[in-house]
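**Student:** These are the residues of each chain, in order.
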Amino acid sequence: MNRTRLAFALLAVPLAGLAAGCGGSGGGGGGASGSSDVKGSISITGVWTGDEQKAFQAVLDGFTAKYPNVKVKYNPSGDNTPTVLSTAVQGGNPPDLASVSQPGLMKDFQKKGALKPLDFAKSDISDNYPADFVKLGTIDGKLYGLIFKGANKSTVWYNVKSFKDAGVDPPKTWDDLIKDASTLKASGVTPFSVGGADGWTLTDLFENIYLRQAGGDMYDKLSDHTIKWTDPSVTKALTTMGQYLQSGDIAGGTSGALQTDFPTSVSNVFSATPKAALVAEGDFVPGVVASSNPLKPIDGYNVFPFPSVDGSAESVVGGGDTIMMFKDSPAAEALIKYLATPEASEIWAGKGGFSSPNKNLDTSVYPDEITKTTASALATTKVFRFDMSDLQPAAFGGTVGQGEFKIFQDFLKNPSNVNGIASALEDSAAKAYASK
Amino acid sequence: MSSSGSITAEPPVLEAPPNAGPGARSYTNALVFLAPAAFFLGVWVLYPMIYTVARSFFGRTGFGEFVGIDNYKALFENDVILKSIENSAIWVAIVPAIITALGLIFAVLTERVRWSVAFKTVVFMPMAISLFATGVIWHVMYLKDPSQGAINATIGGVRSAFVSSGPIQDAQPSSPAIVGSTSKGFSLKTPVHPGQVALIGLTGIPPDDLPASAKQAVAPTATGSEIDGVVWRDFSPGGGTPGKVEPQELGIPGATVALKDTSGKTVQSTKTGDDGAFTFKDVAAGSYTTTVAPSTFSSAFGGVSWLGSKLITPSIIIAYIWVWAGFAMVVIGAGLAAMPRDVLEAARTDGATEWQVFRRVTVPLLAPVLSVVFITMLINVLKVFDIVVSIAPGSTQSDASVIAVQMWRQSFGGVNDFGLGSAIAVFLFILVIPVLMLNVRRFRREV
Chain A
85 MNRTRLAFAL LAVPLAGLAA GCGGSGGGGG GASGSSDVKG SISITGVWTG DEQKAFQAVL
145 DGFTAKYPNV KVKYNPSGDN TPTVLSTAVQ GGNPPDLASV SQPGLMKDFQ KKGALKPLDF
205 AKSDISDNYP ADFVKLGTID GKLYGLIFKG ANKSTVWYNV KSFKDAGVDP PKTWDDLIKD
265 ASTLKASGVT PFSVGGADGW TLTDLFENIY LRQAGGDMYD KLSDHTIKWT DPSVTKALTT
325 MGQYLQSGDI AGGTSGALQT DFPTSVSNVF SATPKAALVA EGDFVPGVVA SSNPLKPIDG
385 YNVFPFPSVD GSAESVVGGG DTIMMFKDSP AAEALIKYLA TPEASEIWAG KGGFSSPNKN
445 LDTSVYPDEI TKTTASALAT TKVFRFDMSD LQPAAFGGTV GQGEFKIFQD FLKNPSNVNG
505 IASALEDSAA KAYASK
Chain B
2 MSSSGSITAE PPVLEAPPNA GPGARSYTNA LVFLAPAAFF LGVWVLYPMI YTVARSFFGR
62 TGFGEFVGID NYKALFENDV ILKSIENSAI WVAIVPAIIT ALGLIFAVLT ERVRWSVAFK
122 TVVFMPMAIS LFATGVIWHV MYLKDPSQGA INATIGGVRS AFVSSGPIQD AQPSSPAIVG
182 STSKGFSLKT PVHPGQVALI GLTGIPPDDL PASAKQAVAP TATGSEIDGV VWRDFSPGGG
242 TPGKVEPQEL GIPGATVALK DTSGKTVQST KTGDDGAFTF KDVAAGSYTT TVAPSTFSSA
302 FGGVSWLGSK LITPSIIIAY IWVWAGFAMV VIGAGLAAMP RDVLEAARTD GATEWQVFRR
362 VTVPLLAPVL SVVFITMLIN VLKVFDIVVS IAPGSTQSDA SVIAVQMWRQ SFGGVNDFGL
422 GSAIAVFLFI LVIPVLMLNV RRFRREV
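Read top to bottom, the protein sequences are chains A and B. Take any residue in the first sequence, count from 1 to its spot, add 84: that is its number in the numbering used here. Take any residue in the second sequence, count from 1 to its spot, add 1: that is its number in the numbering used here.
Hints were generated in silico from the structure; no laboratory data involved. Mixed in with the good hints, there may be bad ones.
[As the list claims (entries may be wrong)] Not close to chain B: a few residues of chain A, all C-beta gaps over 12 Å, as computed:
#1 GLN137
#2 LEU144
#3 GLY175
#4 GLY176
#5 ASN177
#6 ILE223
#7 LYS305
#8 PRO358
#9 LEU379
#10 PRO389
#11 ASN444
#12 VAL449
#13 PRO451
#14 ASP452
#15 MET472
#16 LEU475
[What the hints assert, rightly or not] Derived coverage of chain B by chain A (criterion: at least 3 residues anywhere in the stretch with Cβ under 8 Å from a Cβ of chain A; other residues may be distant):
#17 107 to 113
#18 138 to 147
#19 198 to 207
#20 290 to 301
#21 395 to 406
Predicted model only: the values in this text are computed from it and were never measured. Note that beta-carbon positions come from the ideal geometry of N, C-alpha and C, so glycine has one too.
Okay, chain A solo, but in the shape it has when bound:
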C-alpha cells in the first residue's frame, strides 16, 4: 500500500472524533439585552495553544465575568485547525466560533454558506478597528471576520552596537538603508542577514517592497492575480529588492544565505560576534533572540519600521488570526461584541505575545517598549495588507521547494535576473491559479 492513504486514514480517525467533540453545544438563551439575561454555552475552536491558549482563556474569563450565565468552552487545535474545521463543517457540526490564521479559509467557508455574518457587530468592529482590517473580514459587502490578533511583518531588527560602531541611525527610507549598508560594510560588518533557506523570508521582503512601491491597490490585484507577475510594477520591485540581495552585503554571501534558515538569520545578527548588522523580519524575531542570544532589548537589539520606498506612506504587511462565527446565538453575538472592545484585547496584550489591531487599545498595557512599537504600528498604519503568499494558492505561495518560495530563492542566487524571475513567477502563478 502507499503512504499517502495510510497517513490520511490515520489522520482522519482522531479528527473525526475531535470534530464530533467540539461541536454540538449550540447556544440557547433569551433575547433580552441585560448581561445576566444572556444565557447559553459557546464552543470555540482555535489556533491558539500553549501560552496563547492561557492568555485567550483569560480574555474569555473576562467575558464570563460580565456574562455570568454564559459558558464558554475553548478547544485549541493549533496547526490542525483548518482540517478540524473543514471536517466539522462537512459533518454539519461546526463549533459556534472559530479562529483561523488563513484568510482564505474564511472565504472557503463563506462560499459553502457555513458562516454567519457579523453585521450585528459592524459598528462595534468598525469603531475599534482600522478600515483595512474591517475590509479583510468583509466578503461581498458583509462582515464575516474579526481580526482579533495581528502580526507585524514590516519590522527590521538591528544590532545596536553594530549601528553605533558604524555611526548610522535607523534609516527611514530605502535609499538611506542602502546608503547605511555601505557604511556598515566599511565599518567591517556585513549589513544584511537573509534567511534564504526559508523561502517565506524572501517573499516577506518582496511584499514589503511591493506594497510600498506599487501601493495597496496594485498589491490587491497582484494577490488576486488580476495583474500578471510580469507587470512593470513587479519588475521594478524586484530590481529594488536586488539592491538588498547583493552577495557582498549578505552574511555568508549568496550561497551561505541560501542555507541559512530563519532562526540562524536572527542569530547571525545578535550573536556574540555578529555576522550581520540587521535582519528584516516580523515581530516574532524577539522570541528567537530571547531563546538563543544574550542581547537585551533596546540596548542590545532594537527595531525600526520597514523603510519607506519612493516616498510611500506608512504601510504594514502582516498577518492575523481571524475570528468567525458558524452558529448564531445571543451568547455568541455577545462574545463577538466583547472581543471587539479594547478591554478584551488589553487583557491579552498585558500578558505579552500579542499585537492588537484595535486602535482604541491603550498601548501602555504592552509589557515592553519593543512590543509597543511593533504592535501599535498595526493599529495606526495608513495601509495594512495581509501577507500575500498567504492569500495565494498554496501550490504557488506556500510550498517548500516550488512556486514562489523556490523562485525567490533562485532570485537570491542571481539578483540581476529580474525579467527571468518575473516570467518564472508568472508561469508558476498561472498554473496554480488555473487549478485552484
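Guided by the hints, dock chain B onto chain A, whose structure is given.
**Tutor:** Just chain B now, kept in the frame of chain A:
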C-alpha cells in the same frame, strides 16, 4: 507498512483452502482464522490501494472532477517532479550497490581484526538512530559556516595549517586611489617617489579585529630620501572622508609593507607600528609602488557548500550510506559465519591466494545473502523520504527531492492536490513491482 506486505502476504491466503481438506467445518475454521488478517489487510492495504488508484484519476477538488490521465501526464511535465524522478534514478543506481559492497568489505574485514566486536558495534550504531534524527545531525554537520558545520570546520582547520594567516581577516580599499584585494595585497595606484607620503587606507575591518595595541593613526610627513606612510582603518563612525586620516581612525599594527621598484622587485620591506606608520629610509631616486602584503591578512575559509544545489544529493547519499552500511555488514556477516569453512580451507590448500578465495569462493557462496541485502536496499531507496526532508534546507529541497518526497509535497506538504499525489504514489508503486516480483520469486525458490 510497506508495499511488500500486500504481495508477500498473499500466498498463504491462496494456499489455505487446499490444505483445509474437504468438509464444511474445516472450511469455516479456516475462514475464522483468516478473518482477522484478511480484515486488517483489507482495511489497511487493499482499500487504500484501490482508493489511491481511483483518486489518481480525479483532480484537486475531489471525486467530482474526473481528469483522466492528466495527473499522470503532469508527472512528466512538472519540473520539480521530473527532477525527483531523476534523483530517484541516481539513488537506485548508486546506493544499493555501494551499501552492499561496503557491507561485504566490512563483514570480511571484521572477521580478521581483533577488535571486531567493537568495530561492528560502531558501524552498526547509526541503525539505532531514527532516519529523521540522522538527517538533523548531518544537516548540522554539513552547514556551510565553518563555525557551525563540523565538516567545514575540519576542512578549515586542516587548511589553516597550510595557508598563512595574518592578523587582519578581511579588508577593502577605502578609496579608488588604492587597488588590490586581501589575496593580492593593496597598493597605491599612482607610484610614489622618495620624499613623498603613501596613505593606504583600508575599510571593511571589524573594530574587534584590530589588536588592542592599535593607536590613533597619524598622517605622515615626508622627509628627504624617505618614503613615509601609514596603513590605517580608514573608517570613523558615520563613514568619515575616505583617504584622509581623521580622529578615531586607528592605525593597523603589524602590517607588512613592501616597497617595489618599477620592475616589480621588492627593494625594502617593513612592518607598521602601533599607529600604522611605516618608513622606508634611504630610498634611491625613482618611482616605486608601496604594497600592503597579502601576509597581513588571513583569508577566511568560507566553507564548502555541502547543502547547496550541486552537492546536496551526494551529501544526503553519504549520510544514508553511513546509516545502512551497518545493516548490510551484520546481515552479510551472518551469512559469512554460516558459510562452510572447509570449502575456504580447501581452496587455500589448493594454493589459492586470499584475493582468489574471496573472489571465487566467498562471494559466489554469499550471493544469496548479497542479493537479499541488495534488494532490501533497492526497496528502501525507492521510498527514501525522511532523510531527504531533514537534511536538505528549503532552498535546495527541490534539488534533492525524490519521488516519495514529491508524493508527500503534492498531497500533504503544501500543494494539497491529492489527485496528483495519488498519481505519484501509483507511479512509485509501479516502480517497486519489478523488485517485489524478484523478491517473491526468490522466496518461492527458497521455500
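**Student:** List in ascending order the numbers of the hints, as given earlier, that are violated by the structure.
**Tutor:** Of the numbered hints, 8, 17, 20 do not hold.
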